Amino acid sequence: MASDGAVATPAKVTPKKANLLDPHSIKHLLDETVAEVVKGKGYVENTRLGNWKLLIGTAVIAIALLAQFYPKKFPQNREFLLGCIALYVVMNVVLLILSYTKEKDAIIFTHPPAGSFNNTGLVISSKLPRFSDMYNLSIASADPESISAHKPVHFTKSVTKWYVCPMFIGLI
1 MASDGAVATP
11 AKVTPKKANL
21 LDPHSIKHLL
31 DETVAEVVKG
41 KGYVENTRLG
51 NWKLLIGTAV
61 IAIALLAQFY
71 PKKFPQNREF
81 LLGCIALYVV
91 MNVVLLILSY
101 TKEKDAIIFT
111 HPPAGSFNNT
121 GLVISSKLPR
131 FSDMYNLSIA
141 SADPESISAH
151 KPVHFTKSVT
161 KWYVCPMFIG
171 LI
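1 is the number of the first residue of the sequence shown in our numbering; add one for each residue after it.
Calculated from the structure, these hints are not laboratory results.
Computed from a prediction, not measured in an experiment: that's the story for all the values here.
Check before you lean on any hint, since a few could be wrong.
[As the list claims (entries may be wrong)] Derived DSS-like pairs: lysine-lysine, alpha-carbon spacing no greater than 30 Å straight-line:
#1 Lys161 - Lys39
#2 Lys39 - Lys16
#3 Lys41 - Lys127
#4 Lys27 - Lys151
#5 Lys17 - Lys27
#6 Lys16 - Lys27
#7 Lys151 - Lys41
#8 Lys102 - Lys53
#9 Lys41 - Lys27
#10 Lys39 - Lys53
[Said to hold, decoys possible] So the derived label-pair ranges between C-beta atoms look like this:
#11 Tyr88 - Thr33: 34 to 40 Å
#12 Thr101 - Lys17: 30 to 36 Å
#13 Tyr88 - Asp22: 33 to 39 Å
#14 Leu66 - Glu45: 31 to 37 Å
#15 Leu82 - Val37: 46 to 52 Å
#16 Arg130 - Gly83: 37 to 43 Å
#17 Leu82 - Lys41: 47 to 53 Å
#18 Pro71 - Gly42: 51 to 57 Å
#19 Arg130 - Ile61: 31 to 37 Å
#20 Thr101 - Thr33: 24 to 30 Å
#21 Val37 - Thr101: 24 to 30 Å
Quick reminder that beta carbons are idealized off the backbone N, C-alpha and C, glycines included.
Using the sequences provided together with the hints, build the complete structure.
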């Protein structure tokens, strides 16, 4: 109810669209929706890992620019270039390790909700296997070793339960 006694109208929600013939598009849309629901429940996204990846990527670019525009020409700067190449490789390996060990199939990392007694956030991940219509959603604690951590929750449901083909809408 509005303050003047009039009935408040809900905000207009535009439906999201996905190419139903593209499983990546369907998974992307479902992942976006899950992230919106989680944020709507009071969880704040934890962007620390993404910030670290951006920082490492910036350092890699700086190393490449330094190697490219170093004042000396090639034969005199061989050791410097080898050092830059080694740092470039090490930084990229660190990025790969962060991606494969921490992110895996994660959609979103969260902080605990404000005012909560729980001191760990959530890691929400999903899978849509190739040639399958089964969407797997998993919700786990961001710190599984914590005292307040709960067991991971897994949810599997067919994508066809969420999408209706537009050509069959008139038949329903």
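Hint check:
1. Between the alpha carbons of Lys161 and Lys39 the distance comes to roughly 23 Å, so the proposed pair stays at or under 30 Å and holds.
2. Between Lys39 and Lys16, the direct Cα distance comes to roughly 18 Å. Compliance with the 30 Å bound is thereby established for this hinted pair.
3. Between Lys41 and Lys127 the CA atoms are separated by roughly 22 Å; this keeps the pair inside 30 Å, and the hint holds.
4. Only pairs whose Cα atoms come within 30 Å are accepted, and Lys27 paired with Lys151 is accepted, the gap being roughly 24 Å.
5. Distance restraint check for Lys17 and Lys27: the Cα-Cα separation of roughly 12 Å lies within the 30 Å cut-off, and the hinted pair is therefore satisfied.
6. Pair hint Lys16 plus Lys27 holds up; C-alpha atoms about 13 Å apart against a cutoff of 30 Å.
7. Annotation: proposed proximity of Lys151 to Lys41 holds, straight-line Cα distance about 20 Å (limit 30 Å).
8. Distance hint between Lys102 and Lys53 is fulfilled; the C-alpha atoms sit about 12 Å from each other, no more than 30 Å.
9. Between Lys41 and Lys27 the alpha-carbon distance is near 21 Å, which keeps this suggested pair within the 30 Å criterion.
10. Proposed proximity of Lys39 and Lys53 is supported: the alpha carbons are some 22 Å apart, at most 30 Å.
11. Distance hint for Tyr88 and Thr33: a CB-CB separation of about 38 Å, consistent with the stated range 34 to 40 Å.
12. Checked against the given bound of 30 to 36 Å, the beta carbons of Thr101 and Lys17, roughly 35 Å apart, stay inside it.
13. The hint said 33 to 39 Å for the Cβ distance between Tyr88 and Asp22, and at roughly 35 Å that hint holds.
14. The hint said 31 to 37 Å for the Cβ distance between Leu66 and Glu45, and at roughly 33 Å that hint holds.
15. At roughly 50 Å, the beta-carbon separation of Leu82 and Val37 lies within the given 46 to 52 Å, and the hint holds.
16. Take Arg130 and Gly83: their Cβ atoms lie about 42 Å apart, and the range 37 to 43 Å holds.
17. Separated by about 51 Å at the C-beta atoms, Leu82 and Lys41 satisfy the suggested range of 47 to 53 Å.
18. The supplied range of 51 to 57 Å is met by Pro71 and Gly42, whose beta-carbon atoms lie about 54 Å from each other.
19. Between Arg130 and Ile61 the beta carbons are some 34 Å apart, a value that agrees with the proposed interval 31 to 37 Å.
20. Checking the proposed 24 to 30 Å range against Thr101 and Thr33 shows it holds: the Cβ atoms sit about 27 Å from each other.
21. Checking the proposed 24 to 30 Å range against Val37 and Thr101 shows it holds: the Cβ atoms sit about 27 Å from each other.
Violated hints: none; the structure is consistent with every hint.
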